[in-house]
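*Asks:* So you can see what is in the structure, the chains are spelled out below.
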Amino acid sequence: MLIFNIVNVKELIEKLEEEFDEVESGSIKPETEFTDIENWGSMHALIIIALIDMEYDVTLTGQDLKGMKTVMDLFGIIKDRT
Amino acid sequence: MEASIKHITYYLPPKIISNKDLSKVFPEFTPAQIFKKTGVKKRTHTSVDCIGSDMAFHAAQKLFTESEIDREEIDFLIYVTEGLDYKAPATAVILQDRLGLSMNIGAIDVPLGCSGFTHALGLAKMVISSGQGKDVLLLFGDTPSFVSHPKDFVLRSLFSDAGAAVWVSLSDIPSIGHFVYGSDGSGAENLFVDQSSTRNPLDQKWLDNNEDANGMLYGQMKMDGLEVFTFSLQRVPILVNDILKKNKLSFEDIDLFVFHQASDIILKSVQRKLKIPDDRMAYYIEDFGNTVSVSIPIALSESIKEGRVKKGSKVLVAGFGIGYSWSGTVLYY
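Those protein sequences? They're chains Y and D, same order as listed. So the first sequence is numbered by this note's numbering: it starts at 1 and just counts up by one. So the second sequence is numbered by this note's numbering: it starts at 1001 and just counts up by one.
Same shape as in the complex, but just chain Y (with noise of 0.2 angstroms):
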């Protein structure tokens, strides 16, 4: 299969902070840890659950979001799965 979707961590960011409406635009880098960001919480993860399968087509487990502490860990996950 020819690989389509080719995975930018800028626009995984730019997605992820249009996602979370109480976190501004800029405030996200490859490096924050989740559970840094403002107000984070289990309904965050539920909204990358969900933003990844549509944007990326990829199926994030229980698994996956434990294990992942930055965005850049979210990154790599996705890069390897598309």
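Read the hints as simulated data drawn from the structure, not as lab findings. In this text, all values refer to a predicted model and were calculated from it rather than measured experimentally. Hints may be right or wrong, so weigh each one.
Now the in silico label distances, taken between C-beta atoms and shown as ranges [stated by the list, open to error]:
#1 D:His1178 - Y:Asp73: 22 to 30 angstroms
#2 Y:Glu55 - D:Glu1072: 21 to 29 angstroms
#3 D:Gln1132 - Y:Met54: 42 to 50 angstroms
#4 D:Glu1189 - Y:Ser42: 55 to 63 angstroms
Chain D regions said to be covered by chain Y (calculated; three or more residues, Cβ under 8 angstroms) [said to hold, decoys possible]:
#5 1125-1136
#6 1221-1235
Okay, derived cross-link-like pairs now, DSSO-like style, lysine-lysine, Cα gap no bigger than 30 angstroms in a straight line [unchecked claim]:
#7 D:Lys1037 - Y:Lys66
#8 D:Lys1087 - D:Lys1222
#9 D:Lys1268 - Y:Lys79
#10 D:Lys1268 - D:Lys1134
#11 D:Lys1037 - Y:Lys69
#12 Y:Lys29 - D:Lys1134
#13 D:Lys1024 - D:Lys1246
#14 D:Lys1151 - Y:Lys66
#15 D:Lys1041 - Y:Lys15
#16 D:Lys1275 - Y:Lys79
#17 D:Lys1134 - D:Lys1246
#18 Y:Lys29 - Y:Lys15
#19 D:Lys1037 - D:Lys1015
Just so it is clear, CB atoms sit at the ideal spot from N, CA and C, and this is done for glycine as well.
Fit chain D to the given chain Y structure using the hints.
*Replies:* This is chain D only, laid out in the frame that chain Y set:
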């Protein structure tokens, strides 16, 4: 022989839990934060004096008043609940007597939960289309508050207790479409009522550990929210497409999508994934919470009242959740 839904009604217990009430128990959240997190403004919690079958009984009495149903004519009763009165006899049989129904009827329980309405409707259609009955009474009564730990914010804020009654009858016009069913028991542990029956009955240790929660006498619901969310996001779009295919309909043919009202974020994510326009998507979670098997009857009843479902409407109904179990069909109004 075709079947159609003649009437739907529901019963809510009187005790309403507002976000202000919840905030008193969970002071770490303001009422506004609770609404933002859950999309629920109020939910109803019943008491031990009015369990699932009592709410189903009240809903049935409403059905007898609101519709033309003749209780003497009912020839099959299906009671859907996850909170049966006893392990034996079947609660549906007790309801036959309480409701004064004929003794010449079949009466069975279906302990299914979130996919309970769509499964029971499929069973009603089987009874009628196979000539085994003409008038089927479906009753629903679920009491998730009984198995939600008082300190479990997610469950206390999301779930709600309610009952419903639905009359399905022989009809000249085909108005209940083809069904899709699914079961995957490998998901059982992700949404589960622990220490609740024969496999793992509650014991003294359980009672002692839960002394501060009145012993959690009915067991305790445990939900892995991430897993249930992922299951819903993957499964519901497949279910919807399978229902459309089986009924030879296209996405555009459906006037209203009525899903089990699992949670606001599940509904929103599924809506987004399937690209369903707002005016064709049913949200009845804000004022009712997740009422388990009662959520689709409530959503259908409300959308009919609001005029969103009228003659000629095609409504896709889909239940999914605990089990995992899922099912659905198309209703032709």
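*Asks:* Each of the hints needs a verdict: does it hold here or not?
*Replies:* Quick rundown of the hints versus the structure:
1. D:His1178 - Y:Asp73: 22 to 30 angstroms: Between His1178 of chain D and Asp73 of chain Y, where Cβ atoms are some 44 angstroms apart, the hint is violated.
2. Y:Glu55 - D:Glu1072: 21 to 29 angstroms: violated (58 angstroms)
3. D:Gln1132 - Y:Met54: 42 to 50 angstroms: Roughly 44 angstroms apart at Cβ, these two residues keep to the hinted range, so it holds.
4. D:Glu1189 - Y:Ser42: 55 to 63 angstroms: Violated - the Cβ-Cβ distance for Glu1189 of chain D and Ser42 of chain Y, about 19 angstroms, lies outside 55 to 63 angstroms.
5. 1125-1136: Violated - the segment 1125-1136 of chain D has 0 residues with a Cβ nearer than 8 angstroms to chain Y, which falls short of three.
6. 1221-1235: holds (count 8)
7. D:Lys1037 - Y:Lys66: holds (21 angstroms)
8. D:Lys1087 - D:Lys1222: holds (21 angstroms)
9. D:Lys1268 - Y:Lys79: holds (26 angstroms)
10. D:Lys1268 - D:Lys1134: violated (38 angstroms)
11. D:Lys1037 - Y:Lys69: holds (23 angstroms)
12. Y:Lys29 - D:Lys1134: Given that 30 angstroms is the threshold and the Cα spacing comes to 64 angstroms, the pair is violated.
13. D:Lys1024 - D:Lys1246: violated (49 angstroms)
14. D:Lys1151 - Y:Lys66: It holds: about 23 angstroms lies between the C-alpha atoms, which stays within 30 angstroms.
15. D:Lys1041 - Y:Lys15: The given pair, whose Cα atoms are some 29 angstroms apart, holds under the 30 angstroms limit.
16. D:Lys1275 - Y:Lys79: Given that 30 angstroms is the threshold and the Cα spacing comes to 25 angstroms, the pair holds.
17. D:Lys1134 - D:Lys1246: holds (25 angstroms)
18. Y:Lys29 - Y:Lys15: With Cα atoms ~12 angstroms apart, Lys29 of chain Y and Lys15 of chain Y stay inside 30 angstroms; holds.
19. D:Lys1037 - D:Lys1015: Holds, because 22 angstroms separates the two Cα atoms, which is no more than 30 angstroms.
Against the hints set out earlier in the document, violations occur for numbers 1, 2, 4, 5, 10, 12, 13.
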